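There are 2 protein chains.
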Amino acid sequence: MTLSTIKPGKHQKIRADLLISGGLILTFNKNKKVLDDGAVAVAGDQIVALDKTSVLTQEIEAREILDASGCLVMPGLINVHTHAAMTCFRGLADDLPHQEWLHEHIFPAEANHVNEETVYWGTMLAVVEMIKSGTTTFCDGYFCEDGAARAVTASRIRAIVAQGVIDFPAPGVPDPRINVKAAEAFVFRWQGKSPHLIPSIFCHSPYTCSPETLTRAKEVCRQHGILFQIHLAETMNEVDEIQKRYGRRPVEHLRALGLLDEETLCHHAVWISEEEIELLAQSGVGISHNPESNMKLASGVAPLPRMLNAGVKVGLGTDGCASNNNLDMFQEMDTAAKLHKVHWGDPTLCSALQVVAMASSGGASALGMGGELGSLESGKKADIITIDLNQPHLTPIYEPCSHLVYSARGADVRDVIIDGRMVMRQRQLLDIDEVEIMGKVREIASRIRG
Amino acid sequence: MTLSTIKPGKHQKIRADLLISGGLILTFNKNKKVLDDGAVAVAGDQIVALDKTSVLTQEIEAREILDASGCLVMPGLINVHTHAAMTCFRGLADDLPHQEWLHEHIFPAEANHVNEETVYWGTMLAVVEMIKSGTTTFCDGYFCEDGAARAVTASRIRAIVAQGVIDFPAPGVPDPRINVKAAEAFVFRWQGKSPHLIPSIFCHSPYTCSPETLTRAKEVCRQHGILFQIHLAETMNEVDEIQKRYGRRPVEHLRALGLLDEETLCHHAVWISEEEIELLAQSGVGISHNPESNMKLASGVAPLPRMLNAGVKVGLGTDGCASNNNLDMFQEMDTAAKLHKVHWGDPTLCSALQVVAMASSGGASALGMGGELGSLESGKKADIITIDLNQPHLTPIYEPCSHLVYSARGADVRDVIIDGRMVMRQRQLLDIDEVEIMGKVREIASRIRG
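Top line first, the protein sequences correspond to chains B and H. With the first sequence counted from 1, adding 5 to any position gets you this note's numbering. With the second sequence counted from 1, adding 5 to any position gets you this note's numbering.
Isolated chain B (complex conformation):
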C-alpha cells in the first residue's frame, strides 16, 4: 500500500514515521524529477509520499522530522561490485605488476588470513565506510561469506552477499569438488533471514571455473531464485585464455553455457566486442562497471558509452579495496564520467546525469531490483541519503548532478536512511561502533603484516 494514492480528509493527516523536509530532492525517477524545497515521507521501510515541503507538512503527521534544508536528498547509492572484506588488505600491495600483485601478495594473504572472523570485521569496516560515503546497497562476493552476511545483518545495510566459487582450494572451502555445494549451503543458511540481506553465488571467472562448475552454480541460483555473479572479460589475458580453451570469447562462452539472463550479474566486461555488447543487451544480464579498479590494475577501459547506447543494464562498482583502494562511490562517479571522455575523445560522453543514474537506478536494474530501489518514488524502499551542500567545494550551484559527480565526495553525505531506518545522522553512525571495528581490523592487519 502506498499512501500517495490515499487522499486524507480535510482535517485528517496521514501518519508517517519520518518526514525529510526542505531539501533539494533528486528523485531519479523515470523523468528525473527534481523538487526544490521538497519533502519525502517514510512509513516503515517504504517511501510513501514525495512533494513540496509546504504540501507534505499539511498532509503528513510524522513521528520524526529530518530537516534537510541546505541539503540535497537522493536515493542511496548502489555499489554493484565489492569484495567488502578486502578492506583488510587496503594498501597492502600497490603499483605492482599484475601477476606479482596477485600471486605474491593477495593470494598468500587470503590463504593465510581469510576466515569467517576476518571477513566479518573486514566487511563491517567496509559497511562503515560505505554508509559514511552514501552507499545504502552493495553487491558482494568473497569467501567465508557467512562473516559478511553476519556483518550485513548486524549493521542493517542492504546487501546481496555471495559465496565465492572457484575450482581451487579456497578459504573455507579447501576441497573444490564441493565448492558449489558449499555455496548452496550458504544460500540455505541465509535466504529469508533478513529483509535487507539477499544471498547469491559468485563464480570467480570463466578461467578459474570449469563449464561444469559454472552451469551447476547457475542451476542452484535458478532453483533458489537468486543472482548468479561472475567476473567477465576483465583482462586481455582472460580473453586469450578462454579463446584458447573453448574457441570462443568470454561472453559467447557464458551465453553458450546458458548463463546469460536477467538473474546474472557480470563484473567488468572490459574486453568485449560490438557483437558481445549486443549479446549482453539482448540477454538482459546486469554489468558492473568499475573504472577505478580497471585503471589501477591497468586492466583496460570498458566500452561503457557503447554499452549504455546498446541498452545494457550497467551499474557502478568500486571493486575491493585491494584494487581501488576505497569504497567511495562519489569518487567512482567522478572517475567514470571523466575516464570515458578522454579515452574515447568526446567530452559529451557519460554525462553527470547518466553517471548518477548508473550509481542509483542503473545499479538497481543491474541487480534486478529496479522495482524496489534506485529512485525516490512512493512504494519504493526508503533508502535515502542527504548531502550537505553548504560547503565551499559545493558552492555555487548551477546543476546539482554536476556537483554530485564532479565536486562532491563521500564525506559530504550527512544523513543515511536504509530500509526506513536512520543509520547515520549528521555523520554520526547510530548503531555501529566504528572505533571497535577499526581496532579489530588493525589487529588483523598486524597479523597480516607479520
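Rather than coming from a laboratory, the hints here were simulated on the basis of the structure. Keep in mind the model is a prediction, meaning the values are calculated, not measured. Be aware that one or more of the hints could be misleading.
Straight-line distance between alpha carbons at most 20 Å, and here's what the computed EDC-like set of lysine to aspartate or glutamate pairs gives [claimed, not checked]:
no. : chain 1 : residue 1 : chain 2 : residue 2
1   : H       : K57       : H       : E382
2   : B       : K445      : H       : D180
3   : H       : K445      : B       : D393
4   : B       : K57       : B       : D41
5   : B       : K445      : B       : D56
6   : H       : K35       : H       : E69
7   : B       : K38       : B       : E69
8   : B       : K445      : H       : E382
9   : B       : K249      : B       : D151
10  : H       : K445      : B       : E404
11  : B       : K186      : B       : D151
12  : B       : K186      : B       : E121
Under 7 Å between C-beta atoms, here's a sample of chain H residues computed to sit facing chain B [as the list claims (entries may be wrong)]:
no. : residue
13  : L97
14  : Q104
15  : A303
16  : T353
17  : S356
18  : T400
19  : P401
20  : E404
21  : H408
22  : A416
23  : E441
24  : G444
25  : R447
Beta carbons: idealized from backbone N, C-alpha and C, even for Gly.
Since the structure of chain B is already known, use the hints to place chain H on it.
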C-alpha cells in the same frame, strides 16, 4: 639560521613557536625519510627541527604544541595550475562539446561577470577550498588578478598570482595592445608586498598570443625575476594550429622564441613528442600536469611517465573549477596515479610515492621554489598539513603513501600551517569567514544565472 645546527646546553632548551608532536611524519626530503612518532619544530615562518618526539620534547620549548598523534604530518600540497576565481563558474556548463563549452558558456560568462570584485570573492572561495583540502601553495593565472592578489594577502595562503595576457579584449584589459603593460603594472603593484605572494605573468597560449606578445611578456618577467606561465600543447587542435601558423610544433615554437628556461611554467603539455620531452627536460622549464581537467575536456593524456623518466620538472595541478570541478589535490593524485596505469597499460607506472612527490617537492621544483617549499626539512618554510588517519577509509595502514593517493581525500586534512602560521585547526579555519565568502559567491552566481 636553522636551529637544527645549534646544540643546546645540557639544561637549556631551544625556543620555538610551534611543536607538532607525535605524528607519522613524511618528510619528502631527498631520501623520503619517514619518522614514526616524530615531531616538527617551527620558529617564525621556518621549520627549525625534525626528530623523534621523545628527542624534540627534550630539546625544544615551544610556545604552542599541536598534538598530531594518530595523524600523518607532511608538507602542504602545491597546486601548480589554477584559475582560482573560476570557482564562480563551478558546474555552470559541463559535458558539452569543447567549442560550445568555451564560446557559448565560459567566454560569455567571463566577459559579463569577471571583474576585480568577482575575482576577489571567487579566489577567496578557492582559497578556502584549497586550505580545507591541504593545499598551502597555488600557482594562479587569470584576469583582474588584483582581486586574486588581494584574496591571497587577506587569507595568508601562499601563491604565485599571474595577470593574464591575451591578444583579445579581456576582462579588465579591453585594449589588447596594452596587455603586457597591464601585466607589468600588476607586477609593480604586488612585487614585494607580502612574503607569501609572488606576482607572475600568464600568457594564455601560443595560439592566442603573438610571438611579439610572448617575447615581450617573457622580457618583463626576466626584468622582474618572476615566473612566466603559458598553456602549452593542451589539445591536438592547438598543435595543428601552431604548425600551420609557424611551421613547427608548440614546444619548438616556444623554444625558438627563447621562452623555455627555469623561470617558465608550461601548463598541460599533453600533445608532445619524444623530441619535445627532451627539449623540456634540457631547458629546465616547469610543467603542470592536470589529469582531471584533461580528462573532463577530453583534451588527451599527457605522457607523464616519459616526462618523469626524462627528468622534466613536473608538478600537479587541478586547473580551474570550470574543468574539474573541484580543487582537491587528493583526488587529483588518485586520478594521476590511475590514469597512466590504464592508458599506458602498466600498473607499475606513477607509483603512489611518485605522485605524492609530484604534488609536493615536484611542484616546488616546477615553480622554481624547491629550495624553500615541498618538503619538511630544517630551513624550509613551515607549510605543513596533518591528516587524520583514524578513519574507516584509512584503516588499516600498511603504506602511508598508498593511503594518501588511493584512499584519502581532501576532507581528511585536519590542520594546516602556512608560513609558520596555523590557518586551520581541527578543520576550523582560524582567520577566514567561509560563510561570508560562500554567500558572496552565491550572489555572483545568481547574477551569472541571470
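Hint by hint, here is what the structure shows:
no., hint, verdict
1, K57/H x E382/H, "holds (14 Å)"
2, K445/B x D180/H, "violated (66 Å)"
3, K445/H x D393/B, "holds (19 Å)"
4, K57/B x D41/B, "holds (7 Å)"
5, K445/B x D56/B, "violated (44 Å)"
6, K35/H x E69/H, "violated (29 Å)"
7, K38/B x E69/B, "violated (25 Å)"
8, K445/B x E382/H, "violated (36 Å)"
9, K249/B x D151/B, "violated (36 Å)"
10, K445/H x E404/B, "holds (19 Å)"
11, K186/B x D151/B, "holds (15 Å)"
12, K186/B x E121/B, "holds (18 Å)"
13, L97, "holds (5 Å)"
14, Q104, "violated (10 Å)"
15, A303, "holds (4 Å)"
16, T353, "holds (6 Å)"
17, S356, "holds (4 Å)"
18, T400, "holds (5 Å)"
19, P401, "holds (3 Å)"
20, E404, "holds (5 Å)"
21, H408, "holds (6 Å)"
22, A416, "holds (4 Å)"
23, E441, "violated (12 Å)"
24, G444, "violated (9 Å)"
25, R447, "holds (5 Å)"
When the structure is compared with the earlier hints, violations turn up for hints 2, 5, 6, 7, 8, 9, 14, 23 and 24 and for no others.
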